[in-house]
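Required output: the full structure, derived from the provided sequences and hints.
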Amino acid sequence: MEFRRLTASDLPSLLELYRQLDADDAESTMEHSMEAWKEIERNPDIRYFGAVDSGRVVSSCYAVYIPNLTRGNRGICFIENVITDKEYRKQGLASRMIDMAVSFAKERHCYKVILQSGMSRTEAHRFYESKGFNGTSKKAFDMRLED
Numbered sequence: 002m003e004f005r006r007l008t009a010s011d012l013p014s015l016l017e018l019y020r021q022l023d024a025d026d027a028e029s030t031m032e033h034s035m036e037a038w039k040e041i042e043r044n045p046d047i048r049y050f051g052a053v054d055s056g057r058v059v060s061s062c063y064a065v066y067i068p069n070l071t072r073g074n075r076g077i078c079f080i081e082n083v084i085t086d087k088e089y090r091k092q093g094l095a096s097r098m099i100d101m102a103v104s105f106a107k108e109r110h111c112y113k114v115i116l117q118s119g120m121s122r123t124e125a126h127r128f129y130e131s132k133g134f135n136g137t138s139k140k141a142f143d144m145r146l147e148d
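My numbering puts the first residue of the sequence shown at 2, with every later residue one more than the last.
Hint data in this document are derived by calculation from the structure and do not stem from the laboratory.
These numbers come from a predicted model, not from an experiment.
Wrong hints could be hidden among the right ones.
[Unchecked claim] Calculated cross-link-like contacts (lysine-lysine; reagent style DSSO-like; alpha-carbon spacing at most 27 Å):
1) K113 / K132
2) K91 / K39
3) K113 / K140
4) K91 / K132
5) K107 / K139
6) K91 / K107
7) K87 / K132
8) K132 / K107
Structure follows, in structure tokens:
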């Protein structure tokens, strides 16, 4: 098992894993996903991390560094799409992914890390709290934009 930053060659496997993330999510074409990946790779403030078993991405998350004008100009890191393949759960892989993302945040001297999770994912919430995240300190809102 490798634990590393993902690359373009991992994209097909990552997209396959993402099918487990949200069954209602509209699939993108490989062509559109590759264009998005090129943009991701050009941005030094975005990192996709993965646990890769025999060439297959089996756990992943991504982290985005956001510069900040408060807190002594210390940035914020946003973690999203934490997922582990259902066949690989309960092995500590998501914990390693989050540790990699938090290390990225520390390298960037962030003052906090933000992680969002679906409201109904209570087991995941307990896991995030065990990793040191506070589920009661802030309230998050999102707005879904339709085309």
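Of the hints given before, which are not true for this structure? Of the numbered hints, just 2 does not hold.
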